[in-house]
Amino acid sequence: MTNPLFDEQHLLKELKHYLPSQTPLKDFIHHNTLHAFQDLTFYDAIFKASKIFGYQATLPLNDFRKLYEVGRINPLILDRCIIQKKGAAHLTTWKEIVLSKQYHEPKEPRIGQLRALWKEKYKLDIDNLVQPFLFRFLSNYLDQGIAIWNFPLGNIPFIDAVKELEKNSFVSLFKTTKARNLLFKEGLSITTLLNILIGNESFYEQYIFDQQFSHKGWSGMVATLEAKPESLLCPRNISLHDMILFELLLEIDHITHELGETFKPLCVDEPLAKALDLMEDVKPTELQEVLQIWQDAFEWSYYDEILAGLQQLKIHKSTPIVTIPKKSDNSFQALFCIDERECSLRSYVESVDPTSETFGCPGFFGVEFYFQAENAQFYDKLCPAPVTPKYLIKEYGVSKKRKHDLFYTKKSHEFITGFLSALTFGFWAGYRLVKNLFYPTMGPAISNAFAHMNLYGKLTIENKNQEEKENGLQIGFTIEEMADRVANLLNGIGLTQHFAPIIYIVAHGSSSANNPHHGAHDCGACSGKPGSVNSRVFSFMANHTAVRELLALRNIHIPANTQFIGALHDTAADMIVYYDEDILNEQNAQNHLKHLATFESALDLNAKERSRRFASINTKSELKKIRKAIQQRAVSLFEPRPELGHGTNTLCIVGNREMSKGIFLDRRAFLNSYNYKTDIDGQYLTGVMKPLGPVCGGINLEYYFSRVDNYKLGAGTKLPHNVVGLIGVSNSSDGDLRPGLPWQMIEVHDPLRLLIIVEHFPDIILKSIQSSPEMYEWFINEWVHLIAVNPETNELSYFKEGAFVPYKTLSKEIHFYKDVHSLLENAKEMETNHIVHATQENLPVFIYN
Amino acid sequence: MEQYLQLFLVIPLLGFMVSLFFTNKQESHIAINAYLCFGIQLLGILFFTIYWIFQQSPILDLKHFTFYKEENIEIFLDFYFDRYTAVFAILGAFITFLIAIFSKFYLHRDSGYKRFFSTILLFFFGYNVTVFAGNFETLFIGWEFLGITSFLLIAFYRDRYLPVKNALKTISLYRLGDICIILALWTSHHVWHENITFVKLNDVDLVASNISNHYNQVIFLLCMIVVAASIKSAQFPFASWLPRAMEGPTTSSAVFYGSLAVHLGVFLLLRTYHYWEPILAMKIIIVIIGVMTALIATLIARVQSTVKTQIAYASIAQIGLMFIEVALGWHVLALIHLTGNALLRTYQLLVSPSILGYMIHEQFFNFKPKKHSNPHSVGYKLTNSLYLLSMQEWKMDLLLKKICWDPLKRIGKGFNFLSNKKGLIAMIIIYIAGVIFLVLNKNLSQQIDHYLHLFYGIGGLIMILMAFVEKSNPLKAWWLIILSQSYVILSIALLNDKYEYMEIILYIGGLCIAAIVGTIVLLKIKKREVQIDLNDFYGLIDQYPSLGTWFLIACLAFVGLPFTPSFIGLDLMYSHIDHEAYLLVTITSFSFLVLELSVLRIYARVFLGPNKKQLHPTAFRSS
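Residue numbers (this note's numbering), protein chains in the order written: chain Y, 398 to 1246; chain U, 37 to 659.
Just so you know, these hints were derived from the structure itself, not from any lab.
Ideal placement from N, C-alpha and C gives every residue a C-beta, glycine not left out.
Treat the hints with care, as some may be off.
Unchecked claim - Here are a few chain U residues that face chain Y, going by a calculated C-beta distance under 7 Å:
id	residue
1	His144
2	Gln340
3	Thr345
4	Tyr394
5	Ser413
6	Lys417
7	Tyr423
8	Leu424
9	Ser658
To be verified - The calculated lysine-lysine pairs, modelled on DSS-like cross-linking and capped at a C-alpha distance of 30 Å, are:
id	chain 1	residue 1	chain 2	residue 2
10	Y	Lys855	Y	Lys1058
11	U	Lys445	U	Lys457
12	Y	Lys625	Y	Lys410
13	U	Lys437	Y	Lys575
14	Y	Lys807	U	Lys431
15	U	Lys417	Y	Lys516
16	Y	Lys1017	U	Lys648
17	U	Lys562	Y	Lys520
18	U	Lys61	Y	Lys516
19	U	Lys648	Y	Lys518
20	U	Lys649	Y	Lys492
Chain Y with its partners taken away, still in its complex shape (with noise of 0.2 Å):
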């Protein structure tokens, strides 16, 4: 705002970077909340947005003082945190102010200091006055299929609706001429409207600011439609400028009921120099570097304790006592995603037969297309949300369709058909709701990951024709694409060599039952759905003999008795269903029999794991009761945590799975296996460490920031959450969108950024990260952490400001549990879901013993 010239089209391009970018709910997309600041380091990134906009970034001052007293933060940890920052010699004056010196700061946020003015020199409350029309205008325009009677302008411009509408009516969107003159006028513009209000032109861009944020929900959701009109089912012509045109005019209508034809402009009189930079930096404060220091000693007390916990397994597995299964006699192998959510399983699935093998990766497997179910209208995309895939695969052979479900028939919301139905199904309602409650099943109405793909349908995965294309996709996959995806994947995880006769391919998914975010339990490297598609597809081209033949020239020999078989695990439910099993030989289709009750099990341990953080499940209970009960929970609609998602993730292991098989993760790793004997010199390091970023790194900010502030960055509790034009949620008739994550989702996660701990030497990490600067910025901005250990010494260093440097651990206590059983049955249940109580849910490392 040092040039006085108000430029519209800055204005925008700077709002647009500003505002949240949440796309509808349908396709969830966890990403960095704060993305507009990732081009700063973390905590200047953190403290900024907090003077501007208000947010709360870190956990506030006395929870983490409460952490410390009841041993959640470790004094060793802290006291390195204050000499890191301040000195060995300032260790005891620190010591004192972080633990007990009381801070008074206002909490005055840059945001709408400007906008407060109508209040205070006119005593008007404009946002009460403007927002409920504009919420329910815009929501009735953009609206998906809620009404029955849809908004009577089609796919134009909204700005163009608006007058369409205003001229075609005999009722005004108005109070005043004076408004609906304006919006007819030739040259309508943002500036001109923000003459006749505000009337003083360097004031302009922090107004329509004041204005934006004040619904940022809204005009986040309107900037990403613009951006990404695709992500609309029944297309719609948005655009940020539009909206604020009408918000303006809407404004000028009431000032002018209220306060007459000639009001004067808001900041006519006001001195120039009043005009605030929101943008400016913000000065250190000493709050903010002990917010620093808390914030480092919660993470690092978690950290050391996990690079403490894997030094230690190393050393202990060097013993004689461990024996480890020769990779040739592998029963079979399974691959799963990176998700944290399949960290259990994969230990369970180990322990329960022990000459299985397990690997994690993106759960795409690599493979990028879009998908088109058969009979379905449009596309669904299933890879990482960065990617542009070129293909489409397309379903058929499917006779079966969904049942509908008559109750949420828009039928009974009219006249007629809902006395009707009051009188008929009325009584059917009382019976379902009832049903519901005792015995609740599967239905219509609930999301089913299952459903995603039909089981039986055939897919159109080899591509024979290179000119077979739709909608410039081409369809399916030739056989040089199809083994140039699978040499990548196999390379990137090092199974080159020891193929076991069945391999899985286990994609996940979650079903729940009222649940509008239920694309966020969905998986992430899927752009929110489930990945039964993708794993159905990596098998096909790993079981296909053509691509074979050119691995092997690869030098990737897969025997062929080797069969690759697709599954997808429900993470809500703790089911798996397998696909295309008859391709199997009789040999293994016998073994495939007994691989089955292995995973049976390891699902039942899984359920009892997670069973320990739900109240309404006694993890003392008989495995197959709880495993009824979770099963359950994924259909019960009185249900609002039939999982929890993401919740605690705060590790990323990269490396051979001996790493960290034998230690209990507390579901809070996301685990990518890697070989780096495969890969002395990181050749395909690069294409592991690039979606760690967005797609892990994405999820834990997510998680971070709607856990420090699930009243702005977050959605709050779901409970009153209403569904606004299958767009999204608000509180009741007259809120904002909230986007973010609801409170049930996060209560349980600690507020700690992601550390990734990759197993090479630290160089060739280094120069596989700054191989290219976005995903360079990740790491030296400190967004996530970064720990290389040493294969050959097991030494551990840290990424700090663009160098490795040693680290040494300081947590002595190793853990140790020899019976899962009573590890979990022992765990304490959380009081209250304050944090200094629910972080006590979340168990240290221990090692099996």
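Start from chain Y and add chain U according to the hints.
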């Protein structure tokens, strides 16, 4: 057999009282208590009803506790049981029982877990008092409980702005309905010269003679009942509160606004049917309200793009139809319709979050691009107008604001010149003069006496209006409220020569205690907080939970709940004001209307809403 009726009030009340003894962390205790309460009630009422049917379903009436007795008037509690009671009581217990089970899991770890269940239990008590009521007095008590529990449940998420705002909006309209019932009560005392029970209304000849003797008063009385029923059932033009009341957890929206509370308007009409049945005009009025509501609410429901508001308006439309059914005498149909609608809307609200997944899936497979009509036809302009008008909810809010609230505020603001120290002193002096007049009453001429009570009545109203629009100082608003109440008492005292001293002492004593408690709380707050006004919401309950609770209790003394001072005040009013004193009745009724709004406004502004000072996160205003 009648004796068993009281049981169905004792069970909910007991459940409520027991629920107060738990702490928020004892979730399973709280839930089990609620299960037991609702479950026992459900079983009890089912068995009772079956037994009752085997007894040839006689109409039961139980005269209970008497508040007050005089030669020609007696105020007592009365319970009643007929098929309407049976249907409403069973439906209520059934739905509430299911909702309690649903909520046990749904509200898990909510910081208001206990508050939620206690409020639902109190609501259930109020609901049962209403449906078992055998006379207007008893019904009014239940009605009041429904109002206050509604306020508490809408403002359940009290640290956000919108729930508090919408709770105030709803309670304002509810209060209007309450005043209608009070006026109906008062009129009924004067046309019946007794406390009329619903049993007696079944006596066709008695009712007919009553109507012919007091035609105008009866019409007034019945109109008040129809307005009260329309407000409770969100009929035109009072509909817009219902969608905005969906602020609490989905389960409370489902039980309150999807099903039980909103159908009580129909209940009131059914209950008073024999009284208005002989009057054709009343039937026509009710049919017109029903038809208008059904049409308009259907149109509004059609344009709703959020799921809960859509269900709300669809339900309103069906209740409009029920009004018609009741007016036409199709009561069995109305009861079936009502039960079906209540169950359907409850269920639809409970599963409303699923709509996103379900409809998107539906659309994914069955999407058809919309065709748009020809932009040059006349129909086009007409449909656009209807669309826009429906989106603006037929400007009902604006209408109500213009008719009801703006005039009140304008009067209040008009007397702003009194709102200073001198004004206050003057008011106190005038009051003392009044007391002296009262003492010297016998020596005054008839004429002065006649106008004096009106003078003080108007004074009371003005002061309460001033309190209502006071924006800066909560303490001042509070004192204005107290002063206004004193004026009202004086006014009633001046009018009458006979008093129930016991009642007056109770009334004044209760008011004094409430006034002192409120003043102490506000003074304490003033001492600790630099700036508190009534222009914004301060959310201080976060910092001072116990002060907040005390203040709420003090406020409740003013809101006309049974056994509170202002209830006794109301009681005094309608039993002591003669039937000629229409003007005084109107004035006093308005005072009582504004009274509750003013105290709850102070409570909401000071204690509810987002607390900006706290170090923990708070919500945006728009969320």
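Hint by hint, here is what the structure shows:
no.	hint	result
1	His144	holds (6 Å)
2	Gln340	holds (6 Å)
3	Thr345	holds (5 Å)
4	Tyr394	holds (5 Å)
5	Ser413	violated (10 Å)
6	Lys417	holds (5 Å)
7	Tyr423	holds (5 Å)
8	Leu424	holds (5 Å)
9	Ser658	holds (4 Å)
10	Y:Lys855 with Y:Lys1058	violated (37 Å)
11	U:Lys445 with U:Lys457	holds (21 Å)
12	Y:Lys625 with Y:Lys410	holds (15 Å)
13	U:Lys437 with Y:Lys575	holds (23 Å)
14	Y:Lys807 with U:Lys431	holds (24 Å)
15	U:Lys417 with Y:Lys516	violated (38 Å)
16	Y:Lys1017 with U:Lys648	violated (44 Å)
17	U:Lys562 with Y:Lys520	holds (23 Å)
18	U:Lys61 with Y:Lys516	violated (41 Å)
19	U:Lys648 with Y:Lys518	holds (21 Å)
20	U:Lys649 with Y:Lys492	holds (27 Å)
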